[in-house]
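Asks: Chain by chain, the residues run as shown.
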Amino acid sequence: MKLSSGARLDGAKLSIVANRFGGVCRKMGNTLLRTGRSGVLNRAKDFSCCILTAESDLLTAEESLPIHVLSGPDLMGRCMKQYHPVLKRGDVFLHNSPYHGNSHPADHTLLMPVIDDDGTHRFTVVAKAHQADIGNSVPTTYHGTARDVYEEGALIFPAVKVAEDYVVKDDIVRMCRMRIRVPDQWHGDFLAMLGAAFIGERELLSMGRELGWYHLEAFSRQWFDYSRKRMIEAIAKLPKGRATAKSTHDAIPGTPPDGITVTSKVSVVPSAGKIHVDLTDNPDQMACGLNVSEACTRTSAMIAIFNSIDPTVPKNAGSFRCIDIEIKNRGVVGRPEHPISCSASTTNLADRVQNATQLALAEISEEIGMGEIGCFCPPSTAVVSGIDPRDGKPYVNQLFLGHTAGAGAATQDAWLTMLHAGNGGMCFIDSVELDEVYTPILVKTRRLIADSEGAGTFRGAPGILVEYGPIGARMQAIFIADGNINNPKGARGGEAAACSQQHVLRTDGLSHALPQYCDTWLEAGETLISVASGGGGYGNPAGRDPKRVLEDVREKLVSRQRARDVYRVSITRDFQLDEAETTALRAEPSSWN
Amino acid sequence: MRLACDTGGTFTDLIVEYDDGAVKMFKAATVPSDPAQGVIDAAAVAAADEGASLRDFLGRCELLVHGTTHAINAIITGRTAKTALLTTAGHPDILTLREGGRSEPFNFRIAYPAPYIPRALTFEVKERVNSAGAIVEPLDEAALARTIHELSDSGAEAVAVCLLWSIANSAHELRIGEALRAQLPHVPFTLSHQVNPTLREYRRASSAAIDASLKPLMSRYLGGLVNRLTENGFGGRALVLTSQGGMMDADELAKQPIHAINSGPSMAPIAGRYYAGLNSSLPVAIVADTGGTTYDVSVVRRGRIPKTRETWIGNPYRGHMTGFPSIDIKSVGAGGGSIASVDAGGVLHVGPKSAGSVPGPVCYSAGGKEPTLTDASLVLGHLDPDYFLGGRMKLDIDAAQSVINEKIAKPLGLSLMEAASSIVEVATENMVQAIEEITINQGIDPSEAALIGGGGAAGFNSVFIARRLQSPLLIMPETGAALSCAGALMSDLRDEYRSMFFVRSSEWKAEAVNAVLGELRQRCFEFLERAGKTRESGHIEFAVEARYQGQVWEIEIPVHVNLFATQEDLDALVEDFHVHHREVFAVRDDHSAVEFVCWTAAVSAGLRKKPLGRLQIAARKLGEKSVRQAYFRDAGLVETPVVSMANLKPGVVASGPAVVETPFTTIVIDPGASYWLEESGSLLIKP
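Order-wise, the sequence lines are chains A and B. Take 0 as the starting number for the first sequence in numbering that gives the first Met the number 0 and just add one per residue. Take 0 as the starting number for the second sequence in numbering that gives the first Met the number 0 and just add one per residue.
What the hints contain is simulated information worked out from the structure, not anything from laboratory work. Where hints are given, some of them may not hold.
Said to hold, decoys possible - As a list, the in silico BS3-like pairs of lysine-lysine whose alpha-carbon atoms are at most 27 angstroms apart:
hint : chain 1 : residue 1 : chain 2 : residue 2
1    : B       : 532       : B       : 608
2    : A       : 327       : A       : 273
3    : B       : 409       : A       : 236
4    : A       : 555       : A       : 443
5    : B       : 508       : A       : 392
6    : A       : 273       : A       : 239
7    : B       : 352       : B       : 393
8    : B       : 368       : B       : 393
9    : B       : 23        : B       : 81
10   : A       : 273       : A       : 236
11   : B       : 609       : B       : 532
12   : B       : 393       : A       : 236
13   : A       : 228       : B       : 352
14   : A       : 236       : B       : 352
15   : A       : 555       : B       : 685
16   : A       : 273       : A       : 228
17   : A       : 264       : A       : 160
18   : A       : 555       : B       : 81
19   : A       : 327       : A       : 392
20   : B       : 406       : B       : 393
21   : B       : 685       : B       : 648
22   : B       : 23        : B       : 609
23   : B       : 406       : A       : 228
24   : B       : 409       : A       : 228
25   : A       : 228       : A       : 239
26   : A       : 245       : A       : 273
27   : B       : 685       : B       : 329
28   : A       : 80        : A       : 160
29   : A       : 546       : B       : 81
30   : B       : 329       : B       : 393
31   : A       : 327       : A       : 264
32   : A       : 87        : A       : 160
33   : B       : 125       : A       : 443
Using the sequences plus the hints, can you model the full thing?
Replies: Right under this line is the structure:
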């Protein structure tokens, strides 16, 4: 395609160029998945790729993890330009500083500017991947109780140049190799990210040469305008309203005894095409690893909004113009300041920001919002480490053995395998067999838990039980489980999902409860029992389509008793719907409490 | 005489290869309720063409190769057998949890997919094997007997068995198979380690579930088809196409019906490989098959067609992954029936929604209300309203013009021709993205590959696609409109056997590897024997799925020796891996050990001795003024010669613009491109 002169692209050209930018993202992602070495990357797909304009506005982030990209890459791009005013072709920057725009330190990010033949910076490609280890003081990438970044121990790279003229600076690699556990695994992942960045840069260079940089910039401007227009229209369809909702993370060491309550004040102004989220009414930063970085605070609120509107609205700096987010400096959510720790910034409390915002949206209208998505991170997603008795080599990696977590939405039941709110269900679930090959563990059980879903007109996901433990040698497991006390609430009359729990089954056959922030050694033959919560329901369960209830009962996800008590649906012993009795049950006033 | 018959959604294609080498193509309407009837009907059309009776015609056929969508349609429409799953206790949700993953992470209007086998029909078996193949918990025989009883009470018509680590130790699965055979002798079952010996329990369970669920139905269908052919005089051999690009005897396939999932489409790359070899010296070919609804892309690299285990029935993450190794075909929702629309923000979209063949494009006058790619090609003058499918269908150009004007041109502020051209451009980009996705995954640079266009709608924009890809050569084979069907006549009898055996280059075990290869070779010999072929006439290719230490996604590399005798043999294999890895992923890691995971032997035996003959096609009687006005983006409306393919002289190079017509398809040659006919009958185009 040749773009004709004149800086305006018609609707067909916009469509074509947008598709091509998306294609670049997809190619980068594919390279990362296929060449990564750590399980978190090549088994769970915990990474994202996106493209920024020269002004560091997010242009496209196709098939990425929501929490990685909506805000963050923009902030990091600006930080890169601030520290490196002169960018050259072949430069690559490593960035993982949550104080300079990254999500959390475990998400190593490579930024590579795309420089045209005249030396002008045109775009920046971004590859971001959660690492198996980043050199923390303990073998986990989520150090929940770290007082500060020093106790956390992460190596922090605020937009540090790691390659020049396409050649990696070995100084940085040597430093990492000395501090990051299982250095070959990290280095393999680093090379995979670098490969993705190189491919993205190469593709954009050839696109610029073919179509003309001037036209690509015109495209960006028009695409942002288009996306904003689509967003304004999507918001115009929502009812006007204002609501405040709260979501509380359970207490762990370093938090107040009642945990951390996040407050989100949302107002929807359809006439102005604006949604405003005020997150300033929140506690100050705390001496623990749960503080939510600026990138994740903003992103979590944005995800809640995009989850509620027309899904075809593009997510980029254009549509973002319709969202105003107010955050506070030095807040536990907002803009935590160095050296406070943001170790678990993408998951636990960030999910609560999203959940509070979703609940507020649901209060505004029965057409939007969601119940609360299940709480991270149960032992089934622990970071485990030790020495593999089969080859005598050390290992460290995060497991993704299963966390359902999906919440009921305004028109649909939960997506079962959400993992956690900010993930959007994008990550893969580990195959039991693969985990048993790569980690010296045996997974005894992985099953959904009946009657544990957040009931609703549209129900949340059921919880999941996972039991596993080391074989042949001891193993260290670290996790921060939320939701033991503050289980995922429902929205608009939807009910909460069952609480999460965590136990250890010792070799003496006795089960012991474990603390929510847990750093424990398991001996061979002992097992962790992980009960992870599902998600909250949406709408009154007594309003649920009886046929859906019947299907859940037939599928053994909901018992007949619960169908009767909670959903007000009568199901016979041979699994047929008793319509007459259901009508009678639903006519009782108690069913509309 | 040989027949190849491919049952598609709309038409049943039949290609007849006569004993004198001549080839003819016929079509009959598919009968969705009774697809075997479509096969008989197509044969009747061919018989009538030579004035013979059906009985006489079929009586002279020595071979019928059949491609069928019966298996995949049964899955899509939920008509498979009521199937139960037996799995390791503690792990009943393998098919429910799948492998996670999702597309459209902000779209909460889409339901989570139901498992292929419901939880209600999933039964847990007390037993456990570990990753080393050791029995951690013995099989509880008494509990198993009770479970099978319960399963029987549930009314299951077929059973899939997938236990954790059955690939490391198959004893428990085999024992369950015996128990099933004893207790439920009439219920067919599939054992996961036999149907698809692969790591990752979901993929194995999914393969077993799909296979078992198809057994009753495919036995009935294939048995019925063969019976009806026989009743009508057929006494030859009936073969069915497989997802792996080969053929199997119908009764053999009925025992492992998962092979039939991609029965028809998998033949397009086989035909593509044939024509690439015939018409180009480029090492790589991209084969694109354009139908009414989907655009299927595959690649051929130095004669090899890559395979994948990640074949989805339905959309990725929303349908079912078969987990079963099949020819790697990337399918996107783009075709002649793809619907164009302008969204609220003024951006044009084409597909993935399709008008299909019913109601079809607006110009079909069958009730279609939305403008499609076919409508756009008609408006542009690329299609002749009076000669679509050789004149068998008359197209309504006025209706196409008015719908494109109303729904596309006006909202975009474009002229009618610009709007129609834009539809073609957006559709083209969708197709290009599909090609780029599969080529990048294989490390192929499209600008060094020949593009091969097949399918009825391929001619609309293949030159345009080739230009966008900077492909040096476009090949439009004369059988292109029925590329899959043509592939059937070129394919071999074929099966594949695989064996999981993990070994690292740093801790190499030559003896054990040789034992694995020996066992695989033996199974290949047995296949040849069943197929009535000698060992000498068969061809066995070994391959292995390998990766760097720590990676989990393997790439398949050929194994060139039957036996690892020396260090050099291993070194050569390792070097091959490095080269392949670099080719696909742009990096090689010489310091890393290479891990070999799954060993494969593909056995094939050819059935044909000479190349396929030329297709007999009728020339259109064109008037004196065989030109029409056609619109091209850069040239505008130009007087364009219309040429009948049958009138072209081989080797004479001509320049675009031109429209080349056959009774089956229309090929648009853009201005600036040059084209010529090859002796083989293919139209070659330098884009």
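Asks: All hints are to be evaluated individually against the structure, with a verdict given for each.
Replies: Quick rundown of the hints versus the structure:
The suggested pairing of residue 532 of chain B with residue 608 of chain B holds, with an alpha-carbon distance near 14 angstroms, which does not exceed 27 angstroms. Taking the CA atoms of residue 327 of chain A and residue 273 of chain A, the gap is about 20 angstroms. The hint holds against a cut of 27 angstroms. Under the criterion of a C-alpha separation no larger than 27 angstroms, the hint pairing residue 409 of chain B with residue 236 of chain A is consistent with the structure, at around 25 angstroms. Distance restraint check for residue 555 of chain A and residue 443 of chain A: the Cα-Cα separation of roughly 21 angstroms lies within the 27 angstroms cut-off, and the hinted pair is therefore satisfied.
Taking the CA atoms of residue 508 of chain B and residue 392 of chain A, the gap is near 21 angstroms; set against the 27 angstroms cutoff, the hint holds. For the hint pairing residue 273 of chain A with residue 239 of chain A, the CA-to-CA distance comes to about 10 angstroms; that is within 27 angstroms, so the pair holds. Taking the CA atoms of residue 352 of chain B and residue 393 of chain B, the gap is near 24 angstroms; set against the 27 angstroms cutoff, the hint holds. Between residue 368 of chain B and residue 393 of chain B the CA atoms are separated by roughly 17 angstroms; this keeps the pair inside 27 angstroms, and the hint holds.
For the suggested pair residue 23 of chain B and residue 81 of chain B, the alpha carbons sit about 41 angstroms apart, so the restraint of at most 27 angstroms is broken. A C-alpha spacing of about 12 angstroms is found between residue 273 of chain A and residue 236 of chain A, which places the hinted pair at or below 27 angstroms, so the restraint holds. For the given pair, residue 609 of chain B sits about 18 angstroms from residue 532 of chain B by alpha-carbon distance, which is consistent with the 27 angstroms threshold. About 43 angstroms separates the Cα atoms of residue 393 of chain B and residue 236 of chain A, which puts this hinted pair outside 27 angstroms; it is violated.
With a C-alpha separation of about 24 angstroms, the suggested pair residue 228 of chain A and residue 352 of chain B falls inside the 27 angstroms cut-off, and the hint holds. Restraint check for residue 236 of chain A and residue 352 of chain B: the C-alpha separation of about 24 angstroms stays at or below 27 angstroms, so the hint holds. The suggested pairing of residue 555 of chain A with residue 685 of chain B is violated, with an alpha-carbon distance near 61 angstroms, which exceeds 27 angstroms. Distance hint between residue 273 of chain A and residue 228 of chain A is fulfilled; the C-alpha atoms sit about 11 angstroms from each other, no more than 27 angstroms.
Distance check on the hinted pair: residue 264 of chain A and residue 160 of chain A sit about 39 angstroms apart at the alpha-carbon level, beyond 27 angstroms; violated. Under the criterion of a C-alpha separation no larger than 27 angstroms, the hint pairing residue 555 of chain A with residue 81 of chain B is consistent with the structure, at around 18 angstroms. With a C-alpha separation of about 45 angstroms, the suggested pairing of residue 327 of chain A with residue 392 of chain A is violated against the 27 angstroms cut-off. A hinted pair counts as satisfied when its Cα atoms are at most 27 angstroms apart, and residue 406 of chain B with residue 393 of chain B qualifies at roughly 23 angstroms.
Using a Cα cut-off of 27 angstroms, the hinted pair residue 685 of chain B and residue 648 of chain B holds, with the two alpha carbons roughly 17 angstroms apart. With a CA separation close to 17 angstroms, the supplied pair residue 23 of chain B and residue 609 of chain B stays within the 27 angstroms bound. Straight-line distance between C-alpha atoms of residue 406 of chain B and residue 228 of chain A comes to about 20 angstroms, which keeps the hinted pair within the 27 angstroms bound. For a cut-off of 27 angstroms, the pair hint linking residue 409 of chain B to residue 228 of chain A stands: about 19 angstroms separates their Cα positions.
With a CA separation close to 18 angstroms, the supplied pair residue 228 of chain A and residue 239 of chain A stays within the 27 angstroms bound. Distance hint between residue 245 of chain A and residue 273 of chain A is fulfilled; the C-alpha atoms sit about 22 angstroms from each other, no more than 27 angstroms. In summary, the hint linking residue 685 of chain B to residue 329 of chain B is supported, as the alpha carbons are separated by about 25 angstroms, within the 27 angstroms threshold. Annotation: proposed proximity of residue 80 of chain A to residue 160 of chain A holds, straight-line Cα distance about 12 angstroms (limit 27 angstroms).
A distance of roughly 20 angstroms separates the Cα atoms of residue 546 of chain A and residue 81 of chain B; the hinted pair therefore holds under the 27 angstroms criterion. A distance of roughly 32 angstroms separates the Cα atoms of residue 329 of chain B and residue 393 of chain B; the hinted pair therefore is violated under the 27 angstroms criterion. Between the alpha carbons of residue 327 of chain A and residue 264 of chain A the distance comes to roughly 13 angstroms, so the proposed pair stays at or under 27 angstroms and holds. Under the criterion of a C-alpha separation no larger than 27 angstroms, the hint pairing residue 87 of chain A with residue 160 of chain A is consistent with the structure, at around 11 angstroms.
With a CA separation close to 11 angstroms, the supplied pair residue 125 of chain B and residue 443 of chain A stays within the 27 angstroms bound.
When each numbered hint is compared with the structure, violations occur for hints 9, 12, 15, 17, 19 and 30.
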